[in-house]
Amino acid sequence: MPLDQSFTGREYPSDSKYFVSREKIREFADAIGDPNPVYRDPEAARAAGHPDVLAPPTFLTILNLPKINGIVTDPALGLDYSRMVHGDQGFRYERPVHAGDELEISAKIEAIMARAGNDFINLRAEITDADGKLVCTTRAQLVVRGAEA
1 MPLDQSFTGR EYPSDSKYFV SREKIREFAD AIGDPNPVYR DPEAARAAGH PDVLAPPTFL
61 TILNLPKING IVTDPALGLD YSRMVHGDQG FRYERPVHAG DELEISAKIE AIMARAGNDF
121 INLRAEITDA DGKLVCTTRA QLVVRGAEA
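Numbering follows my numbering, with no gaps: position 43 of the sequence shown is 43.
Because the hints were derived from the structure by calculation, they are not lab data.
There's no promise every hint is true.
[Stated by the list, open to error] Pairs of lysine to any residue residues, derived as SDA-like cross-links and limited to a Cα-Cα distance of at most 25 Å, are as follows:
{"id": "1", "residue 1": "Lys108", "residue 2": "Val85"}
{"id": "2", "residue 1": "Lys133", "residue 2": "Asp34"}
{"id": "3", "residue 1": "Lys17", "residue 2": "Glu126"}
{"id": "4", "residue 1": "Lys108", "residue 2": "Gly90"}
{"id": "5", "residue 1": "Lys24", "residue 2": "Pro37"}
{"id": "6", "residue 1": "Lys17", "residue 2": "Gly70"}
{"id": "7", "residue 1": "Lys133", "residue 2": "Thr73"}
{"id": "8", "residue 1": "Lys24", "residue 2": "Gly146"}
{"id": "9", "residue 1": "Lys133", "residue 2": "Phe91"}
{"id": "10", "residue 1": "Lys17", "residue 2": "Glu94"}
{"id": "11", "residue 1": "Lys24", "residue 2": "Ala114"}
{"id": "12", "residue 1": "Lys108", "residue 2": "Pro96"}
{"id": "13", "residue 1": "Lys17", "residue 2": "Pro96"}
{"id": "14", "residue 1": "Lys24", "residue 2": "Pro2"}
{"id": "15", "residue 1": "Lys24", "residue 2": "Arg10"}
{"id": "16", "residue 1": "Lys108", "residue 2": "Asp74"}
{"id": "17", "residue 1": "Lys108", "residue 2": "Leu65"}
{"id": "18", "residue 1": "Lys17", "residue 2": "Arg40"}
{"id": "19", "residue 1": "Lys108", "residue 2": "Gly146"}
{"id": "20", "residue 1": "Lys24", "residue 2": "Arg92"}
{"id": "21", "residue 1": "Lys17", "residue 2": "Thr73"}
{"id": "22", "residue 1": "Lys17", "residue 2": "Gly146"}
{"id": "23", "residue 1": "Lys108", "residue 2": "Asp80"}
{"id": "24", "residue 1": "Lys17", "residue 2": "Thr58"}
Take these sequences, add in the hints, and give me the full structure.
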């Protein structure tokens with residue numbers, strides 16, 4: 001079943017806040033196997049010019065992935081999750097993320113298209129801080145493979 005094209009332009013506002021803690025940053029750094037001390041030690045982070053422990057660049061996946069999953073599992077969209085693969089992902093930072101940040105994420109479906117029997121869905125999310133300032137814009141392209149003959 002093809003994706004519902006009327007979802008193009010649909011917006012998904014923030015529905016919660018996420019508090020970035022030193023512990024969550026350390027857990028994420030451990031999970032990706034990055035021993036950099038700026039991800040664990042406040043003094044090392046300050047010596048590198050940061051106000052507190054720095055989050056690794058892909059840390060915001062913690063916010064981004066649940067938002068994407070909330071969109072693609074909407075039954076009205078018509079996306080067969082078992083046929084979906086991740087096509088592309090990007091992060092454009094306005095500033096680094098640090099322990100102590102309080103963040104929110106909103107998202108939008110930018111485009112839905114079909115090519116060569118596959119559906120493509122392009123998503124953009126904006127992550128803002130407690131002052132409403134943009135921290136990061138993420139983009140993702142998901143591919144829903146066409147039915148096999």
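Hints, verified against the model:
1. Lys108 <-> Val85: 19 Å, holds
2. Lys133 <-> Asp34: 28 Å, violated
3. Lys17 <-> Glu126: At roughly 13 Å apart (the allowed maximum being 25 Å), Glu126 and Lys17 satisfy the hint.
4. Lys108 <-> Gly90: Status holds; Cα separation ~15 Å.
5. Lys24 <-> Pro37: 14 Å, holds
6. Lys17 <-> Gly70: 16 Å, holds
7. Lys133 <-> Thr73: At roughly 29 Å apart (the allowed maximum being 25 Å), Thr73 and Lys133 break the hint.
8. Lys24 <-> Gly146: Cα-Cα ~38 Å, so violated.
9. Lys133 <-> Phe91: 16 Å, holds
10. Lys17 <-> Glu94: The given pair, whose Cα atoms are some 19 Å apart, holds under the 25 Å limit.
11. Lys24 <-> Ala114: 38 Å, violated
12. Lys108 <-> Pro96: Between Lys108 and Pro96 the Cα gap is close to 23 Å, so the pair holds against 25 Å.
13. Lys17 <-> Pro96: Given pair Lys17, Pro96 holds - Cα atoms ~18 Å apart, limit 25 Å.
14. Lys24 <-> Pro2: 38 Å, violated
15. Lys24 <-> Arg10: 31 Å, violated
16. Lys108 <-> Asp74: Given pair Lys108, Asp74 holds - Cα atoms ~14 Å apart, limit 25 Å.
17. Lys108 <-> Leu65: 14 Å, holds
18. Lys17 <-> Arg40: 23 Å, holds
19. Lys108 <-> Gly146: 23 Å, holds
20. Lys24 <-> Arg92: 21 Å, holds
21. Lys17 <-> Thr73: 21 Å, holds
22. Lys17 <-> Gly146: Violated. Lys17 to Gly146 sits at ~36 Å, over the 25 Å cutoff.
23. Lys108 <-> Asp80: Roughly 19 Å between the alpha carbons, so the hint for Lys108 and Asp80 holds.
24. Lys17 <-> Thr58: Given that 25 Å is the threshold and the Cα spacing comes to 18 Å, the pair holds.
Hint compliance for this structure: hints 2, 7, 8, 11, 14, 15, 22 are not met, and every other hint is.
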